[in-house]
Amino acid sequence: MSTRAPYVLCALVAAAAAAPGNASAGDVALREGRSAYLQLEGFGAALNDGVGGSNITASVGYGGRAGWRRGMIGFFVEFSRDHWLSTEVETELTQGVLGFGAGAEMLFAKERLRISAAGGSSTLLFDTAFHDRGTTGFYIDLRPASLRLSPASWLVVELCPIGFTLVSPAVGDLAIRRIEYRTTLTLEVPL
Amino acid sequence: MTRAATQRILALLLAFAAAAIPAGASAFTVRALDRPACHEEMTRDGFLALVAAGFDAEVAVPVPASHRWKEIAAYLGDDLHAGAEGEAERFMLYSLMLGARYPDLRGASATDIQSLREIHRDPDRQDTHFMRAVDDDYAAGNVAAIARGEAYIRARVDRAASYLAQPADQQIVERSVYVELYGEVSTPVWAPAYYFGMALHTVEDSFSHTVRSDDLTRICHVGNYMEAVTDDYDLERDGLRHSWAMDRCQEEAAELAAAARPAFEDFVAVFATSGEAGWPGAGLDEFFAAWMTLEPGCDDANDYCDSKWAELARTDPSLPLWDSMFGCGAAPGATRGDVPWLAAAVILALAFVRILRRRRAAGGGR
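Quick note, the sequences are listed as chains A and B, same order.
Sequential numbering from 1 applies to the first sequence in the numbering used here.
Sequential numbering from 1001 applies to the second sequence in the numbering used here.
Hints listed in this document are in silico derivations from the structure and should not be mistaken for laboratory results.
Treat the numbers as computed from the prediction; the structure is a model and nothing was measured.
There is no bait here: all hints are sound.
With a cut-off of at most 25 Å between alpha-carbon atoms, the simulated DMTMM-like pairs for lysine to aspartate or glutamate come out as follows: (1) 1070(B) to 127(A); (2) 1070(B) to 90(A); (3) 1308(B) to 1251(B); (4) 1308(B) to 1234(B); (5) 1308(B) to 1266(B); (6) 1070(B) to 92(A); (7) 1308(B) to 1295(B); (8) 1308(B) to 1215(B); (9) 1070(B) to 1041(B); (10) 1070(B) to 173(A); (11) 1070(B) to 132(A); (12) 1070(B) to 1087(B); (13) 1070(B) to 1085(B); (14) 1308(B) to 1252(B); (15) 1070(B) to 1058(B).
In isolation and in its complexed conformation, chain B is listed as follows (with noise of 0.2 Å):
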């Protein structure tokens, strides 16, 4: 076969990705399909600070003896450990992107459609992205959004601690993660990096998901996406729709990433901190206090308290996926992927399978 024909190919099979794909995911990117690994390199960044700052994981971290992490790890790119030397510094930031990455896929393939529109539109998961629930509604909307990721956090990471708190062999756990070609994989991981990178991704998210003050310390606005991509859904009410120009990280969000890069340092050097009463210690309190206070007054009116980062935030905005594939939004750049006619078809096979599926499931239960 010909490099024209492959990339003829690819083109075309890239066009149907491209249309579908977005419709179910959302928050900075994970990497799959070319996309950057936004999540995972500010999730080896902040780890390779921690490292930096005298963080010793070969004190710290158990290593299994399975060697099933290390091919999952190179499978997921080299490039997602580089600089992290020794098998514990490897093991602990492989847990702590697994983690990172769970939020976003749950053990489903990043390329399985009807998968990612459940997991980011799971109604009492919003906060996993932090992002506004249902009712989290006008301006008391962003309070509430605020103070729901906040406790997700918190509880991430007492999950965390409480691995932590186990004898170092109870601290090894296996979870699922999936691999092109094989499906689920069960992988060994450090429970304490594990639940600490969901934490983390949710940290990660709330830059993504927010109007920020310019230094990018106060949260002016929590976006929206449950109603974002309904026809149900109201400005004023609801608050901005989820903007997929804040995930691309290497893209238009990039100066938004690069600033937002202390906080997530800040956020993993929370590891290395502990109390009187423990671990974590005093070090969260003050990464909220630091990162995630509400500025009050700001909406759409005033330009989110004149945030530099408004018209990032209203920039190609999810939208119903009818009108996302057919360009019916109002918004600009409300328009995704480049043939929408050939998206339809593709949704409407998967629909019809989906469909063939179930028949055969109840004909067999009878």
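One chain only, chain A, in its complex shape (with noise of 0.2 Å):
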């Protein structure tokens, strides 16, 4: 990641939400029939607090998804790397976990709105107090709202402000369950 990369990313951000407004400078136009499309997204999560526990824990992270639509509704599968921040007792950014899965979604408001649900398996990359890397449980991630933006015909940017995530990847009696809240920035490219 090179130092102008906040500053692209800004201004892809601003570019998108100065488009014009018409489905034919550059709106999000419903398309009829089929489309299949790519995403790559990086996400950022503080404050996953659960009761009792840390402030500050905190998870950055990318992932991809490959989906497709017919009119509003859609079906897609991704993959997701999240790391966390370690805190309590030593000060680290851990590998994490990979997550794969699939989910489904659903676009309002000529596709400037979309939600969607997703849910897979989530694989433990680091070694915990008492798991292992590569032990696997789930995760489950709802977004309930993202804004979408077309800057151009063949770029969607959508922003999800806040998403809901379960990673679940030690299931049983000590079980890691951890509640992240999710900033999401996702670039779309139909194909």
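Bring the two chains, given one by one in their own frames, into a single complex with the hints.
See below:
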């Protein structure tokens, strides 16, 4: 990640926000028939507090998604890398978890809004106090309202201000249940 | 993700933490957020001195069948158990260490700001940190605080003794410890060492929360946290504000911590003593006589009887949260953290989350 990355990101968002409001000049037009797409995203989450837990538990990560839509309904498969900040004993950004899953989505308001739900497997990529790397559980990801803008015909920028993700790579007696309130920025390329 | 990006993210998050966490923490630090493991290392060194003096843990300490304590010991850091040999020694040191960490955490996360604030602002439990209670005012407050701290230490040792009198299988009890990603986890501990560790914590704090004579054997003055973090604070009445510098055992307080080491070893040595009345015998009384007597007549006007530690005790004092965040304190070194506005944002966000939770809880209860 270069030092210019945040500025490029801001410029993209600004361009999306400044885009004209009619469909022919860059709006997200409701596409008839079928369409496929690819997405790349980055996310961060702070204040992932469970009751009685740390107040500064944070995470950052990225992911990719391949989807298919018919009208306003779509389905997708996805992966994500979620790095966790460890603070309790020593401070380090751990390898976190690797997620693979699938989900469904729905678009509203001329495709300016997207709601989605996904779930799948979540695999630990580092050793914890009670579990070894490779331990696999599940995750659930809910995004109640993602805002979508299309600055160009080949690009959709999507911002999910806050989503809810339950990551549980270890289940059973001693389980890891981590709740993340993620903010996600996604770039979508229609195929 | 590149190393530079990772470092940038870590720097931001640590800035939040650095500004916010000290608001709730006090005493020689426990291991968390890259802070030194002061209490743990003092406890370990005292224990190793006990073993070097001939204490045989293999004879005295029952070891549980469960291996969970080993996993938690490894999680806390293998270095904290370095030097302990054999399962009995390691289990005793583990139990001592969890006891020594307990008064600062009580089973909560070391980065749970609300819990830390409640723990360290508990008006009924200032004795666990060897500090003045709210009513411990003026010179008499030193006498009262020392008496209360001593009473707490004796009570914890008595609790340890009561477990030691029981059959070996009943000496192992389950206690809670916070483990990152898992929350509160139950672990077996050897109760005599666990409660002795709590007492040891207070003994250790009696060096970071007081102004002592140059040789550390006498207490000139007991510090204050309860009023120190409010606007209703008066130096003459309430005593010297708690000092963050005194807690940093590997920085400003390194000399103090090193000089206090014989006292910690003397206290842990009490574990191996006994008398006609049973354990711990006269060893505990001898410890108090050697290290916990009050030097009367010391106050701010005479620089706490010209103690060499007075300047350190005045450095980086605890202040009301607002002052410490925005640098309004008059005392030198008063400001905390490099990003006070970010800390304010964090705290406001936390308050908002808490209000939402309470509303949900109230709604659910109807």
